[in-house]
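So you can see what is in the structure, the chains are spelled out below.
Protein chains: 2
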Amino acid sequence: MAPSSNIDSLALFACLSESDRQELAKHAIEIPIQKGQFIFREGDPAEWFHFVKQGNVKCVKTSPEGREVTLKILMPGDLFCCEASALAGESHPGCAQAMGEGIVVKIHRKVMLDVIQRNPEAAVNIINYLSLRLRESQDNAKAFALHRAEQRIASILVNLAQRSGIHETNGIRISVRLTHQDLADMAGLTKETTSRILSRFKKDQLIAGHGKQLLILNLPRLQEMAPHAIP
Amino acid sequence: MAPSSNIDSLALFACLSESDRQELAKHAIEIPIQKGQFIFREGDPAEWFHFVKQGNVKCVKTSPEGREVTLKILMPGDLFCCEASALAGESHPGCAQAMGEGIVVKIHRKVMLDVIQRNPEAAVNIINYLSLRLRESQDNAKAFALHRAEQRIASILVNLAQRSGIHETNGIRISVRLTHQDLADMAGLTKETTSRILSRFKKDQLIAGHGKQLLILNLPRLQEMAPHAIP
DNA sequence: TCCATTTAATGATCTATATCATTGTTTCTT
DNA sequence: AAGAAACAATGATATAGATCATTAAATGGA
Numbered sequence: 001m002a003p004s005s006n007i008d009s010l011a012l013f014a015c016l017s018e019s020d021r022q023e024l025a026k027h028a029i030e031i032p033i034q035k036g037q038f039i040f041r042e043g044d045p046a047e048w049f050h051f052v053k054q055g056n057v058k059c060v061k062t063s064p065e066g067r068e069v070t071l072k073i074l075m076p077g078d079l080f081c082c083e084a085s086a087l088a089g090e091s092h093p094g095c096a097q098a099m100g101e102g103i104v105v106k107i108h109r110k111v112m113l114d115v116i117q118r119n120p121e122a123a124v125n126i127i128n129y130l131s132l133r134l135r136e137s138q139d140n141a142k143a144f145a146l147h148r149a150e151q152r153i154a155s156i157l158v159n160l161a162q163r164s165g166i167h168e169t170n171g172i173r174i175s176v177r178l179t180h181q182d183l184a185d186m187a188g189l190t191k192e193t194t195s196r197i198l199s200r201f202k203k204d205q206l207i208a209g210h211g212k213q214l215l216i217l218n219l220p221r222l223q224e225m226a227p228h229a230i231p
Numbered sequence: 001m002a003p004s005s006n007i008d009s010l011a012l013f014a015c016l017s018e019s020d021r022q023e024l025a026k027h028a029i030e031i032p033i034q035k036g037q038f039i040f041r042e043g044d045p046a047e048w049f050h051f052v053k054q055g056n057v058k059c060v061k062t063s064p065e066g067r068e069v070t071l072k073i074l075m076p077g078d079l080f081c082c083e084a085s086a087l088a089g090e091s092h093p094g095c096a097q098a099m100g101e102g103i104v105v106k107i108h109r110k111v112m113l114d115v116i117q118r119n120p121e122a123a124v125n126i127i128n129y130l131s132l133r134l135r136e137s138q139d140n141a142k143a144f145a146l147h148r149a150e151q152r153i154a155s156i157l158v159n160l161a162q163r164s165g166i167h168e169t170n171g172i173r174i175s176v177r178l179t180h181q182d183l184a185d186m187a188g189l190t191k192e193t194t195s196r197i198l199s200r201f202k203k204d205q206l207i208a209g210h211g212k213q214l215l216i217l218n219l220p221r222l223q224e225m226a227p228h229a230i231p
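Each protein sequence line maps, in turn, to chains A and B.
For the first sequence, position 198 matches number 198 in my numbering, and the numbering has no gaps at all.
For the second sequence, position 125 matches number 125 in my numbering, and the numbering has no gaps at all.
Heads up, a few of these hints could be off.
As the list claims (entries may be wrong) - Ranges between beta-carbon positions, derived for each pair:
1. H108/B <-> R118/A: 43 to 49 Å
2. R200/A <-> N170/B: 51 to 57 Å
3. K110/B <-> G209/A: 47 to 53 Å
4. Q54/A <-> A208/B: 55 to 61 Å
5. E192/B <-> R200/A: 55 to 61 Å
What the hints assert, rightly or not - Listed next, the in silico DMTMM-like pairs over lysine to aspartate or glutamate satisfying Cα-Cα at most 25 Å (straight line):
6. K191/A <-> D139/B
7. K191/B <-> D139/A
8. K203/B <-> E192/B
Since the hints were derived computationally from the structure, they do not count as laboratory data.
Glycine residues also receive a C-beta, built at the ideal position from the N, C-alpha and C atoms.
Please take these sequences and the hints and turn them into a complete structure.
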């Protein structure tokens, strides 16, 4: 396989020349990750651009009392903590934690900075990527402020189905294995409330699944429950 | 006054050459704004980069039922809705509404795109700016998910004091005139809850002020109440 | 495959904040 | 400066979701 294969999965770099892609690939470092492992912690200096090659990673913030919010679940191909002002060399605003086994690829910020300086198009891609993430984050903040627990859980399930759903004969299987606590952390709820809402969804035939294997039975109904970005 | 004076206040463009700054200034359009006026609405096509020259503008999202969240209050010099994927020419993810009289300057996205393509440093500045905004937005989401009403109000007051506070003999005056509803929209609360919290803060001598004129009396105490980004 | 550990389900109760309602105060308009 | 309109203060009540507690089920390691 060509040495550039690691980064070829990242749409962000599709605009680059073969030589720049090889330059990035040459400096790309692969890191195998284990369940629960922190790839970095809040406050650590952000020296690297990371992206997920295999598995799932969650971006987490914690409160002094030990509660946490999960800001995003990353899938293979996702860049993460670009938002950490990695280019400016600041510190990570949150933790990145492996949700299972997988592989993360990292590239030093100086290498990235170099490539960006030579490729205005790559810079514009990153700006667009950040715009998208900012938009998502603001939608998230809006959901916390205005939507009810049930609506937030519905939104999360719809989003997961769209991003990691595998279409099967009996429904859409969510490939990320999530505990109720994981979902609760995404929705800003307790695991008990999340559990009760999921039980209701199961009773209403919106979802099915035992344990961490979730199956979406009625996506349209969940989409109706989840308020849309633009009314 | 030189034609470039409009954009000179924007740190983002400090890296540009005199000719690029003049290029931007030539295409900058000034718009006087009135209280309550929408500069753009959610869903409108994002054809322009905007920044505040004078006055205050709030970025707002609304729910179908009519409730709203204020994502950010912008001060003179702030760029806004760069996050709207203005470069990509997408649509605005939220509304921008004038909080009083003022002046907004707008530059067409094509002019900006052109300048960015020629100035990698400007692109990196915009990336850093977006990173900062993303960070803020994620902190905001975290606050909604994990912090209590009182802590959120305290955070908002601290932030306003830092960004728009005028030091006076008896305290720090917040220059933005805000109703309790405005604060409630920022904190994701009702105006009644906000009112009660502010009454408590007044009783405890943390703040003072009649009507929309807020005065911070005890900033350190408010900072203690507002949980910090990194514990 | 069994046992330990983690996770889920669900009831009972509590509480922060929303909602509804009223009166008083400030701010704007002319 | 007066009147209208917007805003603030605050009580009473309702409720979504948290917290505490228990039992059952799923998962993972030896």
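Hint check:
no.: 1; hint: H108/B <-> R118/A: 43 to 49 Å; verdict: violated (26 Å)
no.: 2; hint: R200/A <-> N170/B: 51 to 57 Å; verdict: holds (54 Å)
no.: 3; hint: K110/B <-> G209/A: 47 to 53 Å; verdict: holds (49 Å)
no.: 4; hint: Q54/A <-> A208/B: 55 to 61 Å; verdict: holds (57 Å)
no.: 5; hint: E192/B <-> R200/A: 55 to 61 Å; verdict: violated (30 Å)
no.: 6; hint: K191/A <-> D139/B; verdict: holds (22 Å)
no.: 7; hint: K191/B <-> D139/A; verdict: holds (22 Å)
no.: 8; hint: K203/B <-> E192/B; verdict: holds (17 Å)
In terms of the numbered hints stated before, the structure departs from hints 1 and 5, listed from lowest to highest.
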